[in-house]
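Visitor: Residue-level listing of the chains:
2 protein chains.
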Amino acid sequence: MDDTLLMIPGPTGLPPQVREALARPMIGHRTAEFGELLRRCTALLQELYRTGDDVLVLTASGTGAMEAALVSTLSPGDKVLSVSVGHFGERLGTIAEVFGADVTWLRAEWGQAAELAAVAAALAADDYAAMLLTQNETSTGVTNPVRELAAVARQRGVLTIIDAISGLGGVELRTDDWGLDVVVAGSQKAMMLPPGLAFVSLSEAAWERATQARMPRFYFDLVKARASLHDKAQTPYTPNVSMFFALEAALTMLRDEGIEAVWQRHARCANLVREGVQRLGLRLFADARHASNVVTSFLPPESADPSAITKPMWQEHGILITGGQGKLRGRIARIGHLGTINEEQVSRTLNALEAVL
Amino acid sequence: MDDTLLMIPGPTGLPPQVREALARPMIGHRTAEFGELLRRCTALLQELYRTGDDVLVLTASGTGAMEAALVSTLSPGDKVLSVSVGHFGERLGTIAEVFGADVTWLRAEWGQAAELAAVAAALAADDYAAMLLTQNETSTGVTNPVRELAAVARQRGVLTIIDAISGLGGVELRTDDWGLDVVVAGSQKAMMLPPGLAFVSLSEAAWERATQARMPRFYFDLVKARASLHDKAQTPYTPNVSMFFALEAALTMLRDEGIEAVWQRHARCANLVREGVQRLGLRLFADARHASNVVTSFLPPESADPSAITKPMWQEHGILITGGQGKLRGRIARIGHLGTINEEQVSRTLNALEAVL
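Chains A and B, in that order, are what the protein sequence lines are.
Note that the numbering used here has the first sequence beginning at 1, numbered continuously upward.
Note that the numbering used here has the second sequence beginning at 1, numbered continuously upward.
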């Protein structure tokens, strides 16, 4: 079906400009032409990230960039506080463990955000090298209060490593103003691109750590990536050139719309989804104070299996929504509303949902 | 320029079918539709690899798949023989070192292939867990006699880990017949795709090692990738869906042409390039007995800088060839002839080279 609608939390539908860019003829990745493209993309990413620091682009999906962020700034044995509110928070802390960090877990109930008092108490209880935090927890539909939580860590000189993969672009995030040290993002979310590129910004403090960090790394070595970018306007390893064409196209669209306007569009659509879902008599899963502007989770009626909703949404209406992840599998359904999202897509989705119910 | 010609050893020009596939609308990566696409791509990759074993697809470039191959089959302290004949041989062994392998280097002079007697002697001198070998050394234009070298290792029960990134599809390689344990490939070479996907096959012996291997790994965990493929027809982390559309298109073209016919086309074109370059009075760099069928290296006339050739080739003729890498930078020039390569492209390149000289 060509008029199918992806209402999942990534990948999202692709704008025509992105599809056109993907189809362009190939160019060499060690040419001046690619170097200029890389520099333009980097500048556009800095705008999206609201940072003057480097933003590096990796040919990988978001999980690869999580790994890059961790192995490029930490050493085996480093004490790390892993603040986890869902499936992706578990993943971030687990990667740190796999590479030898000494991880202390601070977990919130799934559906809740991390609490400031709990995080402050945990940070006070030990001497941590870094705090890991998910901006937007895709699995539960919760957005953490990153600004406030990061401020507490910053006061203690604890490096903040933020997974903003599903949120960046769709949910307000100001890397420099909020003093975020390491911020990870992915292409297939609010950036309206296919999966396959991922991004990491690093503050000056993070770069200082990077020069000391001793976790083993090669493909995901951000120190090497920064040197290639600065010295040669290249990536250390062959980049996905076609995705860079598309990256420039998508980031230009976001910049032209205005990053704050993009955040507002996501907030408007999210409100419509939340109101609409409740109007249909369904219960929202995530704590309303921290409901995500890019994905809405809700409980199926009368404890039915979520597939009783997601299947007919797809088969009868051509609209892809999804079920739960991890321990929420079979318990919740989720609607993604990010990227190209607009009011028309939201009402089409809500109308279909009403018909299905 | 739209009629530019990429005569570099990857990325190559893209066929129209690949460009069309890249531009397709996005689909969900946890759907039955993607699962079927993944299974079809896997079957086509098995044909290209000439293997009945699993071939796993990673969203990364070739270097990422090198890392995946090593960290998924080795443990820190494992004794590894790294047979290196150039820049990419150095890279493969270096990654093993970074992740804690105890690496013994067996190096050939750049421009030469690895010698069977030297490899046999090195293997006899210690008890190695694995031997690392480059099939086609892009930096020098040399193809190693993989079949013979791997046979020696196999006799000793030494696992063979082969970097076939630039050769697979363009140069004969028969994974099962030759008993190759781990074979790494990349999308942007003979497969006529953009960079961004990479591939690893593993033999039964390699899988046995994988279950014991203790190098730290997360994004590049092939055991997890195999489980996702078998259990759910998925990838563990979000794949570059658009590249899978293109992968199926390109592999179907190669299968329809016939894999052996594709090898022969590369051999024919390589012969024309080597003859043509010599006819113009230039000296080939690589040992003629092991000259690569996907990239030809040659010395510029009278020790001129290679850029005296590569620059006007690009600026005056729109044909991109390249210089040397690593310690051959400034010493040799290289012409890639792989992927969509045909006789017309070769003669256009040789005519331009003649004009430039």
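In short, the hints are calculated from the structure, not lab data.
Warning: the hint list may mix true and false statements.
Claimed, not checked - With a straight-line cut-off of 27 Å between C-alpha atoms, the simulated BS3-like cross-links for lysine-lysine are:
hint, chain 1, residue 1, chain 2, residue 2
1, B, Lys224, B, Lys79
2, A, Lys232, A, Lys79
3, B, Lys311, A, Lys311
4, A, Lys232, B, Lys232
5, A, Lys232, B, Lys79
6, B, Lys311, B, Lys327
7, A, Lys224, B, Lys232
8, B, Lys232, A, Lys327
9, A, Lys327, B, Lys327
10, A, Lys311, A, Lys327
None of the values given here were measured: they were computed from a predicted structure.
Visitor: None of the hints should be skipped; say for each whether it holds.
Guide: Hint check results:
no., hint, verdict
1, B:Lys224 <-> B:Lys79, "holds, 25 Å"
2, A:Lys232 <-> A:Lys79, "violated, 35 Å"
3, B:Lys311 <-> A:Lys311, "violated, 57 Å"
4, A:Lys232 <-> B:Lys232, "violated, 42 Å"
5, A:Lys232 <-> B:Lys79, "violated, 36 Å"
6, B:Lys311 <-> B:Lys327, "holds, 20 Å"
7, A:Lys224 <-> B:Lys232, "violated, 36 Å"
8, B:Lys232 <-> A:Lys327, "holds, 17 Å"
9, A:Lys327 <-> B:Lys327, "violated, 53 Å"
10, A:Lys311 <-> A:Lys327, "holds, 20 Å"
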